[in-house]
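Student: Chains as they are written, first to last, in the numbering used here: chain A, 1 to 853; chain B, 1001 to 1168.
Where hints are given, some of them may not hold.
[As the list claims (entries may be wrong)] For the chain A half of the interface with chain B, some residues (derived, Cβ under 10 Å), not all of them:
no., residue
1, Glu483
2, Asp645
3, Arg729
4, Lys814
5, Ser815
6, Val837
[Unchecked claim] Simulated restraints, written as ranges between beta carbons of each label pair:
no., chain 1, residue 1, chain 2, residue 2, range
7, B, Val1112, A, Ala27, 53 to 61 Å
8, B, Gly1062, A, Ser142, 42 to 50 Å
9, B, Ile1039, A, Leu73, 42 to 50 Å
10, B, Ile1039, A, Val806, 26 to 34 Å
11, B, Ile1038, A, Glu291, 54 to 62 Å
12, A, Glu738, B, Gly1062, 28 to 36 Å
13, B, Gly1040, A, Thr530, 44 to 52 Å
14, B, Gly1040, A, Glu696, 46 to 54 Å
Please keep in mind that the hints were generated in silico from the structure rather than gathered at the bench.
Glycine included, C-beta positions come from ideal geometry on N, C-alpha and C.
Chain by chain, the residues run as shown.
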Amino acid sequence: MTIAPAIESLKQLVDRFASGGRDVVGALLDQMRTVERDARGEALEGLSRLCRVGAETIETLVGNSQLESQAQLVAGHLAEVITFAERCVQAVADGIELGSVTAPTPLLLVDAEEERHFIETVGLFVTNALGTLNDLEEDLLSLETATDRLDETVAAIRRVVHTLKAEFGVLNLNAPQALCHQAETTIDACTENDAPLPVDLLLQLCDNLKQFVERLAQDVKAAFGDPEPMLLKLREVATAANQGGEAAAVDGTPIVLEVGGEFADSLPEFITEARSHLADAELAMVELSREPDNTDNIDLTFRAFHTIKGVAGFLNLTPLVELAHVAETLLDGARSLRFRMDAKDIDLVLAAGDMITQMIASLEGHGAPSVGQWRALISQLQGRSGRSEAQQPEASADRAQAPEPAAAPVPDAASTAAVRAPEPKAVPEPEPEPESPASVVRPQPPRTKEAPAAEAAVKSARVERTIKVSTTRLDMLVDMVGELVIAQSMVLQDPAIQRLDSQSLTRNIGQVGKITRDLQEAAMSLRMVTVKATFQKMARLVRDVAVKSGKRVALSIHGEDTELDRNVVEQISDPLVHMIRNAIDHGIEAPAARGAIGKDQEGSLSLSAYHQGGSIVIEIADDGRGIDRAAVIDKAISKGLLPADVNQQALTDSEVFNMIFMPGFSTAAQVTDLSGRGVGMDVVRRNIEALRGKIEIDSALGKGTTFRLRLPLTLAIIDGMIVRVGQSRYVVPTLSIEQSFCPAAEDVHVLVDRGECVDVRGSVLPIYRLKHVFAQRDGKEDLTAGILIVVEADGQRSCLFVDEIVGQQQVVIKSLGMPRDSVPGLSGGAIMTDGRVALILDVGTMVESVLSA
Amino acid sequence: MNSTIEAGAVAGVAGGKYLSFQLSREEYGIEILAVREIIGMVDVTALPRTPEFVLGVINLRGRIIPVIDLRRKFGMEPKEFTNETCIVVVDVGKDVESAFRVGCIVDSVSEVLTISADDFEPSPRCANAAGDYIAGLAKLKDRVLILLDIDKVISDIDPATLGVGGAQ
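Let the sequences and hints guide you as you build the complete structure.
Tutor: Set out below in structure tokens:
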């Protein structure tokens, strides 16, 4: 390598620069130019470009006298460049593919506008990528369970990885891009050689990428960790697969593209445009795989290939024209509805796009695809479009774009064989070098600008009409609508308004009221999201826990489209993880044990979500060993939670099962004795109660356990009973109320030092006077003059004494604004129609606080 | 805001603008950067189980915030609310987690004063109950302004630190 000494001396200059030497800047720039030239000579395009862009940026900085303020950034980047250069040199020496060396991001001056745009793009990307990664995970998992349609799943996985690669590329995230690239190569190697996919490794990759994307959501500048270990593993798998299979013989000569014709001068424009079209086409194809019926995507891709073909024709780029033509023919078939594009078609079109990309890159001195690859891809594309023409031969007659001989093939035995044999290398990839896909004409890569813009344009044109809104804005909207509702009723109830006797006013006010309510409903629905993503996460968890605990578990998911408030969805994830882990770890028996008692060796776990009476129920049901009632009671007695002489028959199942939520039950050792339930169950209950939800347990010993989480549709609003005590109003959540009644004097009993009780249909319940609980000075004393409300919390029933019930109303829950929101007995405040604040009772903590006082 | 207050608390001096208000016979000052707004007296909903000086909560344009009675807090005689009685809404808390908004009831607000660092005197060491809450004194031409460290005034509002009160 003749370039090594140049890199070495650049390194020394960089070191001096990094340690504060500014006199070397001139020499540094010169040396960067030298490395740039040498690198180009060595066909190290990426390095050459990095040096060029870097040198230009440094010059600009010097010109603006900004070098000092950016010195650290510059030094850091130069260090990266040196590392990259050394790796390149090493890779060349070892004969490793250059594309696998991760290049650093080019050093660019990003102005504020561009940066804001970039951040927005990242935001958009993060949301999409998380969804895509979840899909990927699901597909990978289904590979392990599904028996049929494996090919389709693998194709889907490959497609998703490919999309991710492109998306990372758009954002200049080279490390994850390289990883996706390698993953794709590995998947190809495995499919070609009929080797199973390395699911675990890919899941691991999926996790890594997910974590990275999540970090990216926090900080757009987040860096990916070292991709090398993962790259290495992926490469190993690919090599192993390739060695296992027989390497197919292909014509390895690179395609020669020579620009000719009178329009040869327009090559740079062609390159820029073609890349932009290909980017559009790629996105369109990915969209198509999501919604196969949207023919707009096919049209768009068709036009892209058609345009490329046309311009390439002027430039005499014959191989490119031929490839674009067959791809176009395939698309045209689908476009005229002769057949539907399936996953395989989409793969092929994507592959054609990739190959054209590579051909275009070769016009700039990169490696061209081989003739063998090219030929194989063309025959595959022809094979696919031939399929349709064979089905409906008359359709080809009216094709305006009369196919050239090569494009109207008959899928005879020979060509089918040809389709299969060269498949190994049929899907070449553009090198993941820091090349911009949209333009190389200018040193400022438009990736941060043009490509996302193109992406956004394509998206807005075809994605179902959604926009992404920041949650703060959304919450603000919901808050303001809440205030509007209050303000509206304040106007309505204003005495001055009520004195007016005007029909039209009444009608108009009624109209405003209706619109306000509709608006509130609409605003609330904006926050609803499906539980799908959460459930998908659980699918992954089930697999992992099952593998770890050596059990076999089939998970079935129902009602994943059920919608819940975003905040609720976010908060049920943790409890679900606990409960599912418990269900598998402790509930479902080992396969052998299951076999011994005549159960199917594979345990079943179902996760469902459905509406029931104004709330959402999430159900986790297993067919494991169930909860041993007697054992729970024993444990409770030994823990002192129940008196030793407790009448076991008198305890209801729900009382017994609820014991497992007690903190004392939450260590593993005890749980295992107890048919194993309860790790972290107190945490589960706490979480669910924080969401104002309830947990119900059904269990039959030996048959299984069902947990039902009953959750409110939204956290923001509760249905409440407004009660009055003296001058104060309180809101009692309707969910906790059983009944209310005026007590008869003879039903009330005063127990010495135990307070008051009342007999409600045979059960004696304690009475809590809100007046006393909240130390109020006013309010009724005589029980028979007021109302008793029977409430239930934590399985305990009790009565609240209030002066009167004012009415029932939905109220928006607001924080009391106290630090840590920790007023015992209250869950918040509600702004009433007169603009004053009423306090919302939290029956559970209220009773608890009275008892502990 | 935080850095300014902290700088003042450490050195005992922080020049700047202060909102002055009347409480009983004394004039007090709060750093203006902590003040969100000043509103007239509104209906207050009593909040049980909180320290006595927490008068309750109010609806501040759709947001519920606690209000405290500075007279009670400093152990002064209660006084009927008048037209002059105001709620000074302040943001307290040094960091995001502990930050919250609270209203302070004062007899009346006077003016916004610019006080230079030279006018400050450290708070005198005396066994006054309110001594802890005083960041310092500012000597003006004809009077003395007592500068409150509002963070400290609010610091014991949290009922969790008081235990459960009020239940019979």
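Student: Need the list of violated hint numbers for this structure, in ascending order.
Tutor: Violated: hint 2 alone.
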